[in-house]
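Both chains come to you apart, so use the hints to assemble them.
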Amino acid sequence: MKLALYGLLCLSPLWSLEQGELKFAIGGKQYQTSQAQGMVQPKKGKSRIMIAVKDATARFMLVLTADVDSGQEKLPLFLNTADSSLTATLKTRQGALAVMPQVQLARVDPRIEYVEVTHVETGETEDDPEDHATHGNNGHHRRKRRKMRAEFKRVKPRWHTMDKKERLKTGEGIIENKAFRDTYFTLQLVPVLSQGKVVSYTGSFSGTGRYSGSIAGAEVRSISNGVFNVKVENVP
Amino acid sequence: MLRWKMFRRGAHLCAGLILLMASLSSLHAFTVNVHQNMPEDGLLYMEFQGTNQMRWAADYMKAKAGGRYTGTCVNINYTPEEMHYGNNTQCGAHGIERVGGVKPDYFWDAFWDDLLFFNWHVSDMGLYSNNFSSWFHFVNLLKTNDDGNQLITNNYNNYDGYAYNQTYGFPNVGIDYLLAVFMNNAQMSVNLPDCTESTCSAWQGISAVYKANPATDYRQNGSTTPVSNGSSNKATEQANGTNYNCFSDLTLLGNCPDMGTEYDGTMQFPNQVPGGGHIFSGDEDWVIYEPATNASTFYYNEMWLEGLASKNNSLQTGPISGRYYSVTGAEFLYFTVVQHWAGDMTQQAHIWSTIGYNHGDYESYADEKYGVRQIGGSDSDKNYENYVESQAYANTWQNRYNTPVGNIDRLLMEQVFRTYHNRLRSGYDFMTTSNKSVWTTAAIWAVRNSTAEMALITEKAIMDLRKCRNSSACNNL
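Line by line, the protein sequences are chains V and Z. In terms of the working numbering, the first sequence is residues 1 to 236. In terms of the working numbering, the second sequence is residues 1 to 477.
Just chain Z, same shape as in the assembly (with noise of 0.2 Å):
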């Protein structure tokens, strides 16, 4: 019988493979409207329905910019491909903010050495998330993966960094595991400052002149991921204890440097045992990435209210003082790359640390709905945006400007808790669902959550520069 079933599969397979390769067709996938529309939403809630002090921060940022959508202009960095898209520059206040929002996608910081190939991402096979950048995206909260094993979260962070291997669906065949076999022995910890081999010249950031080094940069909040300073000219961590981020040490295909310890079934603790391996079975199912919270650190801190005076994974209020007074409009892109985090800290999939469950086809879904929104319109399958509901959430909020400087990991956090459970409210879980009016109110939610969020990002950013505007106000860290 099973043979029998063998042989109309394989009839069935050929006038299927006739069929398929008769209608071939691409894809796209990234969302690069929903997040430029986010803070921007974010920006025009403050201007009409904030605060006075919201209405004030708009009216600052606007004039430091030189306008709403004129004056001073900033680059998204799209690839030769992308600037179809047609607005890889944009300017003023406004656009400053759409940039900002979407801007570390294009981050070309984080290399990977998997031991056959060397680059900062994977080809695009519609697999969404092939930029090794998107991986500092996440935040993860989850205590086990959908097997029901338990997940060790107390890894090198404050709060839990993102363990790509032990996400929610890695344990079975999905796009978790596709990605993780295709970056089979990666290792991260490429020191990118010492980088001489070609490759790594395509390295890209924030601009051309401060490029940031995500395996050093990143580490914030406490963080005391282990790393040295690489070896060979790809500077690629070498020594032993150093190597967390190689992935599963499969000797069949190449071994890591250190092998892991297993916890609850698979192999959570890394480097505990250096070399060694398995032919397939992984031996450290583990790679640490920094979490979507240190990366925010980092631009916030460092960059936007130091000035990059110095990059020591630690808030300094000294150079802080005057910046209120001397900041350019360019320099608001420092925070506004925040604005991207803080969006996908609205996206359930982000929390649930997740490649598959819908992950990117309801981006996609998003993009086509609230991502060509038109502003001020009413079109009820596009607008997703409310004001006075964001106003509602904005209202809620514990974390606000009134919290000291810098911390504005806490602003995030907030988000990424609400966003965490809201996937457990009956109609809004899109992760188990291709049903798109629950994407619908997923993505609805999403955007006033964001709006609000970010419209007190924005007011933060501009109200820790006031406070600091001398020195003896700044001091209450």
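If we strip away everything but chain V, and leave its shape as in the complex, we get (with noise of 0.2 Å):
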């Protein structure tokens, strides 16, 4: 009963877009377009979505884009910056949007390798060459110290290995976005499939980005009550 009352909740306001709409609201100011449009696209094991208009008459452009493993496309979705892979880009008359994740983990890239050297002990020694003190010829003898062999090695990353929190928590494999802490951003995504592909898709989006009007700097901002309702083209 809770989940028929959210979803009704959720999607009630979408039910009145026309396929095209998408409105959203920021620093008090409405935008609202009837251009916007969708996109599937394989990406090596992965789809990714895109929502996306540029209005030249309103003056903006807003692009939401998620990765998601494949054929997770045609499920209802709820993504957010904390634990996908997930941006929004907004470019507006008055200013420019941005977020992202904070933190997101590196890609495995097998051909990577890292040369680590390791000192070996030879079982000799050999004359201290920081002995400064006791060298020349006046029958002091050079302090002597164990002499070792440098051997390199080629190794794998430790974090190819590592599960996700295992890589949080060691910060290894790990890429940070100190740029967009204090953001969070959702969008919400329902498909309609024909024939096994999506078709549209209506949804919502809203949390918090990178706000800028100028080059001086930035601040957190909200966008808020972001709904759209969109065709899709699938791309090959």
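No false leads were slipped in.
Listed next, the stretches of chain V that the computed footprint assigns to chain Z, with coverage defined by at least 3 CB atoms under 8 Å from CB atoms of chain Z:
hint: 1; segment: 43 to 57
hint: 2; segment: 82 to 94
hint: 3; segment: 111 to 117
hint: 4; segment: 153 to 160
hint: 5; segment: 164 to 173
hint: 6; segment: 176 to 189
It is worth saying that the hints were derived from the structure and are not from the lab. Being a predicted model, the structure only gives us computed values, none of them experimental. Note that beta-carbon positions come from the ideal geometry of N, C-alpha and C, so glycine has one too.
Listed below in structure tokens is the structure:
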């Protein structure tokens, strides 16, 4: 019952949207267009979902992009920048807003190997070059030190075998985007399928992102009440 | 189950948003200090640890500039919002090295026309690289992106140019992708001297008098990047075959005049089909900038050596003759700006070309550490410099003052290859870790390498003039 009520509350504003319609508010200003479109594009085992519009009359551009596992694009999705590959970019006459995950897991690049050096004892000794006090030919002997041999080998980064929790804990295999700390953005997608393919999305979006109206600096600002109903093009 | 998760997340979202709205904060990101300290350490190294010739070259520079920190003064050209740093004007040989070291970050000489807006920057959302001029600060050595797709590397330069969309991390959601979307269908080839649009009045380069036009001036070292004279009041390239910098050809977001063709999964061949385009899928995942080595060559050859006698993309020896005697302290800025790109060449993400992969966060970290070091200090958390170690690096350098006059790109490229391989040493790869001990190790390596690199650059800049004090000695190009 709770789920049904939640679904009704979430989706009821979308029922009245015409295809191509997209609305949102930022900084007390409402933006609306009827030119929005959607796309699903396969990308190396993933699917890229884009909801985008560039309205020259309304003078704004909005692009929402989400990379999800292949096949997930056909399911209702509730994505956020805390645990999804989700970005939003907005350009308006007043300023621009961007948001993306503040922490990302680096992709495993199987071609990356590190050269690691280890020092191995040879069992021999040698003159210590740091021994400046006793050098010369006046009968003193140089201080000796153990002779080491440097060995080099190629190793895979340790994080290649770590799970997400371990990577977050150690910081290995992690990409930081501190500019987006204190931001959080969500995108809800409800697909309509025809012959196994997504033909349209209704959905909503809201959250906070980095906003700036000039080069002087940015602030965290909220974007709210975002809703859309878009036709989807499936890219081969 | 999925819907229940959706419900719970929705509830968490509401609480999260309230908390977030109560904790708004802003960030600073530019690395204004590291880029000034590095060449300063290079000159200090020359004075206190360098060869006899280096000490002599430093003395020549100090004599011409009127002192170490007094005498001739030059300006960084901070924006009004950045004047609070308090060091916009700096003087003397060391001051000029410091100003030159950071000045290219304050060039406003690359304009973009993205079909919705026209400017030299995108608004600062903490994305670090919001000045389009900073796209000239890379040398791309990559043959593949992080998807494993092959990248075309033989574009219009002796060395590989920086193909923005083809960065290491572009294929996936990240800062590279975010900026590419922001700059959708932007056309870079604005012919600045012929631009009459009011925004072009913001054009700012090394000085109010000598403005550079990157689209043409940075074509050095055999670059054949095609440009025309542009058209309209913005002087933006419109002719087929010249819009090589037009981003992904998305019809929904505005079409590029030319469409590219695909190579290994991405559209990498530029200018193949005039017009055309897809709704969302980029048909031209490609943008070309001259690499940092070419930008450096312009300032070194055309401005420093020739004194702007010509701007013709090749070095002539005639104008150099006698500049050894006549060059002014202010003109040292012409070669000290090269130190900026030289510093970039010690940064892994400027070679493994990407704006993402901890690029900005690492540079901010370095600025908070080495960026605030005190000269001669012994704070191991900040004083990353070590002149004895820098001497070891300098001694291994293949290209130095005795390479033929000009050829500053060869010094930078030597550093590029060192830095490329440095990422592949265990404990140095800051691009895939947020572990600060790794960031520190990488930054220390960069500082000590750059000290050597920049000392060699200053030495060469002085010795090239000396070699050309008369024409007969200068013809050994």
